[in-house]
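2 protein chains.
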Amino acid sequence: MSLLVIGSVAFDAIETPFGKTDKIIGGAATYITLSSSYFAKQVNLVAVVGGDFPKNDIALLNEHGIDTEGLQIKEDQKSFFWSGKYHNDMNSRDTLVTELNVLGDFDPIIPASYQSSEYVMLGNLSPQVQKTVIERMEKRPKLIAMDTMNFWMDIAKDELDETIKMVDVLIINDEEARQLSGEYSLVKASKKIREMGPKYLIIKKGEHGALLFNQDRVYFCPALPLEEVFDPTGAGDTFAGGFIGYLAATDDISFDNMKRAVIYGSAMASFCVEKFGTERLIALDKKTIESRVQAFIDLSQVELQIT
Amino acid sequence: MSLLVIGSVAFDAIETPFGKTDKIIGGAATYITLSSSYFAKQVNLVAVVGGDFPKNDIALLNEHGIDTEGLQIKEDQKSFFWSGKYHNDMNSRDTLVTELNVLGDFDPIIPASYQSSEYVMLGNLSPQVQKTVIERMEKRPKLIAMDTMNFWMDIAKDELDETIKMVDVLIINDEEARQLSGEYSLVKASKKIREMGPKYLIIKKGEHGALLFNQDRVYFCPALPLEEVFDPTGAGDTFAGGFIGYLAATDDISFDNMKRAVIYGSAMASFCVEKFGTERLIALDKKTIESRVQAFIDLSQVELQIT
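Each protein sequence line maps, in turn, to chains A and B.
Using the working numbering, the final residue of the first sequence is 865, and nothing's skipped along the way.
Using the working numbering, the final residue of the second sequence is 865, and nothing's skipped along the way.
So here's chain A without its partners, still in its complex pose (with noise of 0.2 Å):
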């Protein structure tokens, strides 16, 4: 099935303890589409850049099969500009620099031949944009997934409210989790936060996992212990990616597919932040993504018969 995917597609530059990039591509729809890529069989952009995004990186995106009929480009705008520096655990950032540019007013238009998409993700956008895809959508897709942040909680709480409630999953991490509950137990978090819309709710845990919950269900998905984080920038829009691609490529919704569906995310979220940006996010094949969900389940799973 074909999924769409909104989102930014930008430049960032990025600083960690191993070193530091000029501009980079970047942006969470540059990283889902390019994590759902290798599922799901169509997978439709709708983005807007600058005339300053490099034509290059926009034909890597269609290498990698990712339609850019939607992704509008003003040429006489700049891109969406992020700029961090990672703290030495690698668990927090500082934002040096955000330059809105292109996003400011970003209209979200989505190709006729978009509209049959029957999977949709949701990237870290203003909620009003989020919210503006789906009334554009002419039937309603099979599934609506949602990332989010803290800043919108901040600044933008009942456009986001009305949002939340309009998605099938809401995928956070943990702060974020915490945040918008106001719960400090991520279980009291995840029956709150599913109150107000949504029937599944993924929690991010970074190096320490992802949760994933439905009605009385829970289910963890470990992350890959690694020798060295190298940058984890654009690791949870990966997840978000290899999970909603996953779906979109097995159409399988029940929650026995989605917990496939979260090691999948966990998988291409741990070859994300072996290097910096997308590199080694664009040079994958089955093979080794493959083998690297081994590696999952050689972790997490036992066998057991409870006597």
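Hints should not be assumed to be uniformly reliable.
Computed spacing ranges between beta-carbons, pair by pair [stated by the list, open to error]:
1. A:GLU861 x B:LYS599: 21 to 27 Å
2. A:GLN686 x B:GLU832: 20 to 26 Å
3. A:GLU717 x B:LYS581: 53 to 59 Å
4. A:ALA841 x B:PHE813: 31 to 37 Å
5. A:ALA853 x B:TYR742: 28 to 34 Å
No more than 20 Å apart at the CA atoms, straight line, and that leaves these computed lysine to any residue pairs for SDA-like [what the hints assert, rightly or not]:
6. A:LYS750 x B:GLU785
7. B:LYS749 x A:LEU857
8. B:LYS763 x A:ASN649
9. A:LYS763 x B:LYS749
Simulated from the structure, these hints should not be mistaken for laboratory data.
These numbers come from a predicted model, not from an experiment.
Ideal Cβ placement from N, Cα and C applies to all residues, glycine included.
Given the coordinates of chain A, work out where chain B should sit on it, guided by the hints.
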């Protein structure tokens, strides 16, 4: 097979955001023996208490099938006492009082009837005392597991290194693993620590689960997501008790069985934190434990065929 446990049997006074206790029964060996008593046929305790230690608490251990022939009672001295206060997030605590008392010159005497113990759990104590226990075993046990803490890394590193070299399984938390190895990455830490002697290393990450390392294998067991952690005191010792107790009961030290033992240890620890001190731990039964183990299976197991 029978299990020998050494460690503190003591008084604790605990303060958490949910309330505070007077002096209650505590100590590493108390939690370890109670937890392992649900699995191992024979649990042999080596410890020391003062004349102030209530006889009915010793009787309670006996009711759980714990052999207290090796529990020395120094009638004219006082028992070890620890008092601590947990912070709001329950992840950190301040020690308010530590009175070594009888532990100050503890000479661990092993009764002849304990000499056939095939499994040994060295609870957190001075590494010199832990080493003495190993040296006083007439026959090398089948498996020796050991807990320790930062305190001994600070003040008795040489003795600690000597003792660590003699054990099969080291069970410590993530912070301790980082201090012991000087490595932030737990994968790197685990390699360095296993080069120090222990073939198996368990790194406990509290609410984030536990990792088991051996050779190039790693297994991860999540912690059960709980609505409320009431009192974390003794959770690590309860984990160790469930782990070693399951191994002694099954008498199988293969990696696959150690994975199961980590689940049983995690299940026991998840009970421990539900009430103050040993309150929850003393009132369990086989069926309740197995239903909790099933919750861990439901939480972490997945059906996935890699195509």
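Results of checking the hints against the structure:
no.: 1; hint: A:GLU861 x B:LYS599: 21 to 27 Å; verdict: 24 Å, holds
no.: 2; hint: A:GLN686 x B:GLU832: 20 to 26 Å; verdict: 43 Å, violated
no.: 3; hint: A:GLU717 x B:LYS581: 53 to 59 Å; verdict: 54 Å, holds
no.: 4; hint: A:ALA841 x B:PHE813: 31 to 37 Å; verdict: 33 Å, holds
no.: 5; hint: A:ALA853 x B:TYR742: 28 to 34 Å; verdict: 21 Å, violated
no.: 6; hint: A:LYS750 x B:GLU785; verdict: 12 Å, holds
no.: 7; hint: B:LYS749 x A:LEU857; verdict: 17 Å, holds
no.: 8; hint: B:LYS763 x A:ASN649; verdict: 16 Å, holds
no.: 9; hint: A:LYS763 x B:LYS749; verdict: 24 Å, violated
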